[in-house]
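These protein sequence lines map, in sequence, to chains F and Z.
Residues 1 to 87, numbered by the numbering used here, are exactly what the first sequence covers, in order.
Residues 88 to 571, numbered by the numbering used here, are exactly what the second sequence covers, in order.
Please keep in mind that the hints were generated in silico from the structure rather than gathered at the bench.
One or more of the hints may lead you astray.
Derived EDC-like pairs: lysine to aspartate or glutamate, alpha-carbon spacing no greater than 20 Å straight-line [what the hints assert, rightly or not]: (1) F:70 to Z:287; (2) Z:216 to Z:226; (3) F:28 to Z:379.
The structure displayed is predicted, hence computed values, not measured ones.
Residues per chain are reported as follows:
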Amino acid sequence: MAKRSSADAIPQDIARLSFEDALAALEKIVRELEEGKVKLNDAIAAYERGAMLKRHCEAKLSEAKAKVDKIELGPQGTVRAAGADID
Amino acid sequence: MSQISRQSPGEGATETNRPVFSVGELSNALKRTIEAAFGRVQVRGEISGLTRAASGHVYFVLKDADAVLDAVCWRGVAASLALKPEDGMEVVLSGRISTYAQRSKYQIVVEGIELAGEGALLKLIEERKKLLAAEGLFDEARKKPIPYLPDVIGVVTSPTGAVIRDILHRLNARFPRHVLLWPVLVQGEGAPAAIAAAIEGFNRIEAGGGVPRPDVLIVARGGGSLEDLMAFNEEIVVRAAAASDIPLISAVGHETDVTLIDFAADVRAPTPSAAAEMAVPVRIELLARIMDEGTRLLGAINRALADWTARIEGLARIMGDPARLIEEAAQRLDDKAERLRYAAANGLARSRAELDAVAAALRPQALYVSIDHGGDIARGFAERLDGATRRIVADAGTRLDNAANLLESISYRRVLERGYVVARDRAEVPVTSAGAARPGMALSLEFHDAKVAATVAGKAPPKPGAARRAGAKPAGGGEQGSLL
Numbered sequence: 001m002a003k004r005s006s007a008d009a010i011p012q013d014i015a016r017l018s019f020e021d022a023l024a025a026l027e028k029i030v031r032e033l034e035e036g037k038v039k040l041n042d043a044i045a046a047y048e049r050g051a052m053l054k055r056h057c058e059a060k061l062s063e064a065k066a067k068v069d070k071i072e073l074g075p076q077g078t079v080r081a082a083g084a085d086i087d
Numbered sequence: 088m089s090q091i092s093r094q095s096p097g098e099g100a101t102e103t104n105r106p107v108f109s110v111g112e113l114s115n116a117l118k119r120t121i122e123a124a125f126g127r128v129q130v131r132g133e134i135s136g137l138t139r140a141a142s143g144h145v146y147f148v149l150k151d152a153d154a155v156l157d158a159v160c161w162r163g164v165a166a167s168l169a170l171k172p173e174d175g176m177e178v179v180l181s182g183r184i185s186t187y188a189q190r191s192k193y194q195i196v197v198e199g200i201e202l203a204g205e206g207a208l209l210k211l212i213e214e215r216k217k218l219l220a221a222e223g224l225f226d227e228a229r230k231k232p233i234p235y236l237p238d239v240i241g242v243v244t245s246p247t248g249a250v251i252r253d254i255l256h257r258l259n260a261r262f263p264r265h266v267l268l269w270p271v272l273v274q275g276e277g278a279p280a281a282i283a284a285a286i287e288g289f290n291r292i293e294a295g296g297g298v299p300r301p302d303v304l305i306v307a308r309g310g311g312s313l314e315d316l317m318a319f320n321e322e323i324v325v326r327a328a329a330a331s332d333i334p335l336i337s338a339v340g341h342e343t344d345v346t347l348i349d350f351a352a353d354v355r356a357p358t359p360s361a362a363a364e365m366a367v368p369v370r371i372e373l374l375a376r377i378m379d380e381g382t383r384l385l386g387a388i389n390r391a392l393a394d395w396t397a398r399i400e401g402l403a404r405i406m407g408d409p410a411r412l413i414e415e416a417a418q419r420l421d422d423k424a425e426r427l428r429y430a431a432a433n434g435l436a437r438s439r440a441e442l443d444a445v446a447a448a449l450r451p452q453a454l455y456v457s458i459d460h461g462g463d464i465a466r467g468f469a470e471r472l473d474g475a476t477r478r479i480v481a482d483a484g485t486r487l488d489n490a491a492n493l494l495e496s497i498s499y500r501r502v503l504e505r506g507y508v509v510a511r512d513r514a515e516v517p518v519t520s521a522g523a524a525r526p527g528m529a530l531s532l533e534f535h536d537a538k539v540a541a542t543v544a545g546k547a548p549p550k551p552g553a554a555r556r557a558g559a560k561p562a563g564g565g566e567q568g569s570l571l
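Isolated chain F, as found in the complex:
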């Protein structure tokens, strides 16, 4: 995610999207382009946005690391997480 140079950084409005919203937006762009109803300039812009959405989705999918913490309660009912070794 931060590996990319700032030149082609994912725009804020896309970075804020949830995975499913980004995927839905990507699918919409693909559908519209496939239907061939987009003007040339719009098509180029749509393609670029689609490419950003795809990268954003891939980034979300790459954040796949299993981690299990166990909640422990402190003296005043405070909550903290400690690594748990289950199985």
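Based on the hints, put chain Z in the right spot on chain F.
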């Protein structure tokens, strides 16, 4: 064995030797005996006459058709009971039998209460369900959607056993995530309070703090008897689940087990593994889908660009090669320019020459010459006309004179004066030949002064010339006569 119990009645004591207890001593002896014999019992009956004292202790009577048993539930135990005792409940009490010496009573000190029999339990659950449903805790409108791809998953279950392992295995197989386990007892006394506290505790975690706030909760327990699952039917747990701001998946027992938390949860999973499946999508499938979308995106834009290129090329074909058009136009321009250059020069020269010629001719003298010339011609014609007229008139006069002279000279009368005679027949037709003057023919002879009748003599017709020879000189007079 206490001393008193050894000395209890009937153990070697004689009628006379029988010791005398105080009431208190006897009561204590009884208490020890009873507690020793019934230190841990379970007794089934119906709750009746339940009262909660201000002290927090709970008193009631457990009864059946044959007997009544006083029951007391001390405050600490009453607070932690999974099942709150109510009148009319058919329950199994667990505890110990003790005595209350002050009133000569024995009673059971309750340590646990369970509903007796599944029918009774289900009835209780059904009634509680109606109560909570009437409050709107199970309304569909309250259900929150489960996030598609949560970053953090909070799990409320036992830290030991198969349930948490099943959940983690299934999560890792689909989409490894950060799991926060809130360890709780899932059955027995204290379990409901712990489960409710865990749900509320997860909801109290602030986003961005040291402990990440879960995006979804899973409240799970493995299969068990109805009694085992009762914690998830408890009101406190159901209310906590309904109040959770974090979307909550319930997964209690096996597929056929339904507990009240299932109604309050946003989604009910039939098993803990199924809850994990609901919590996360399959990462590999999503990667494939994203790749597919990327491929389609690229294909679509390439097709679009190819389509546009083809259209542009088509239009270009119709328009022709602009470079060639320009080249051809440039060539035509060069050609025209060249011609223009020569045409200008040529045209100018030609025009100049024409102009010069015209200009040269355009002198007043020319006009004068013409006028003079015209005048001369006019004068010439006038002179000639005059002369000609005179000549014509003179000629005409001369010719008239000549004609008159000639007319005079050739008049036959003048000829007659020179001795010629004109012979005519009776019809007054001149007889001009001897042949015509047959003998005996009557003639009229005209002389210049009168006519004389005559007759032709002889046999042979005289020659006309003879007649003339006879009468006049054969000069041109005859010819003149024929002319007239």
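Please write out, lowest number first, the hints stated earlier that are contradicted by the structure.
none
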